[in-house]
Amino acid sequence: MKTIKILGTGCARCKATIAVVEEVIAENGIDARVEKVEDIQDIMAYNVLSIPAIVVDEEVKMKGKVPSKDEVKALLQ
Amino acid sequence: MFAWIQHFADWLVYDLLSLEHGTHLAAALDFFVYDSIKILLLLFVVVFLMGVVNSYFPVERVRLLLTQRRLYGLEYLMASLFGVVTPFCSCSSVPLFIGFVRGGIPLGVTLAFLVTSPLVNEVAIGLFIGLFGLRITAVYVLSGVLLGTVSGMILQRLRLERFLTPWVQQLLAAGKGGGDGAEEAAPLSFPARLPQIWHDALDILKGVVPYVVAGIAVGGLMHGYVPEGFFERYLSADNLLAVPMAVLLAVPMYANASGILPVVQVLVAKGVPLGTAIAFMMGVVGLSLPEAMLLKKVMSLRLIGIFFGVVTLCIIISGYLFNMLLS
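For the record, the sequence lines run as chains A and B. Take the first sequence: its position 63, counted from the start at 1, is 63 in our numbering, and no numbers get skipped. Take the second sequence: its position 96, counted from the start at 1, is 96 in our numbering, and no numbers get skipped.
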């Protein structure tokens, strides 16, 4: 099972990202757990400069934008 | 160049909807349709062009440039210019702040970036060209960049690192945070970058269109219904207190450039001096209570106070300069 973390302080774009990721997981039956990381100190542990960011199994895969469904799908392959 | 839009607006309002010439409603609607189309078109062009620049200078690269090159005092100007080409998102200002400072970029240089980024960016520039024309846009961009540069230099002088919150100071003491893995991705050719740039530009546009249209609608209403010279009585250029009053009123407020600019244009059309109006807009867009709340995570209240104070002062000064240069 993959662990997906969404780094974001609760802004509109962060929420949009969570929605896209959850949709892709549900639609494709991907075995993954989604976690929100909202505390700024925890976010900075991943050393990202822009949020929202997507972390898959502790690796930063995408940052600074709301991804499309296809992009998320590609990340989770 | 935009005559066809005016024709279209006239046709829509007077022929299709057959509103009467000379009524407030018709004038307001005509203005609204014309402005919306023209501004959204210009906005798209500028957002796309800035997207091209940004594609070659993502923030990770900017940080690398600012830390690795010796810039001999030009780093404030560089940071401020990078603030222009980086798309602004208020939610990223804290991660960016920490990432820069931890990467060894001086506090003042980081703040120069943070001041300019919301003031001068692809959305603000696109709207400025649409609403005020190229000359005033150039003056605005120049003064925004200078504002960030000068504020950053002043703030650096004040040695404010000790007023960062303790956990940020610990991060600094722990030494430089290295790269974040994907610092320099393989260089892509321009055609290979294009789909992403196009996608991002549409994304940015989608985000601001409601605000722009709402701003133009409010502007259109004021345009049709507020009499000429209405504001002049209160905010005339002779009134020396007008600029500081406008800025102090603006600082706690927040709206993004897309919503506030169409309204500012109508204020100017109705007699508010340009410098006063732009200083007001800078106060609204650049500094706000919500931003102060975000920054509280990394800065002590005292530092936020000093930061806001210095930037406010610089905005007031640039308001006076604008009024002198542009009247």
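One or more hints might be untrue.
Derived lysine-lysine pairs resembling DSS-like cross-links, with alpha carbons at most 25 angstroms apart [what the hints assert, rightly or not]:
{"no.": "1", "chain 1": "A", "residue 1": "K15", "chain 2": "B", "residue 2": "K270"}
{"no.": "2", "chain 1": "A", "residue 1": "K2", "chain 2": "A", "residue 2": "K15"}
{"no.": "3", "chain 1": "B", "residue 1": "K270", "chain 2": "A", "residue 2": "K5"}
Pair by pair, the computed Cβ-Cβ distance ranges are [stated by the list, open to error]:
{"no.": "4", "chain 1": "A", "residue 1": "D42", "chain 2": "B", "residue 2": "L158", "range": "23 to 33 angstroms"}
{"no.": "5", "chain 1": "A", "residue 1": "R33", "chain 2": "B", "residue 2": "Y225", "range": "51 to 61 angstroms"}
{"no.": "6", "chain 1": "A", "residue 1": "D42", "chain 2": "B", "residue 2": "H199", "range": "23 to 33 angstroms"}
{"no.": "7", "chain 1": "A", "residue 1": "D31", "chain 2": "B", "residue 2": "L12", "range": "23 to 33 angstroms"}
{"no.": "8", "chain 1": "B", "residue 1": "G305", "chain 2": "A", "residue 2": "S68", "range": "40 to 50 angstroms"}
{"no.": "9", "chain 1": "B", "residue 1": "A174", "chain 2": "A", "residue 2": "E27", "range": "39 to 49 angstroms"}
{"no.": "10", "chain 1": "B", "residue 1": "L65", "chain 2": "A", "residue 2": "E27", "range": "34 to 44 angstroms"}
{"no.": "11", "chain 1": "B", "residue 1": "D203", "chain 2": "A", "residue 2": "D31", "range": "22 to 32 angstroms"}
Negatives, chain A to chain B, calculated, CB over 10 angstroms [stated by the list, open to error]:
{"no.": "12", "residue": "M1"}
{"no.": "13", "residue": "T9"}
{"no.": "14", "residue": "A12"}
{"no.": "15", "residue": "E22"}
{"no.": "16", "residue": "I25"}
{"no.": "17", "residue": "D31"}
{"no.": "18", "residue": "E35"}
{"no.": "19", "residue": "V56"}
{"no.": "20", "residue": "V66"}
{"no.": "21", "residue": "K69"}
{"no.": "22", "residue": "L75"}
Hints in this document: simulated from the structure, not taken from any laboratory. We put the CB at the ideal spot given by N, CA and C, even for glycine.
(message) To test your reading of the hints: which numbers does this structure violate?
(response) Result: hints 1, 3, 7, 13, 14, 20 break, sorted rising.
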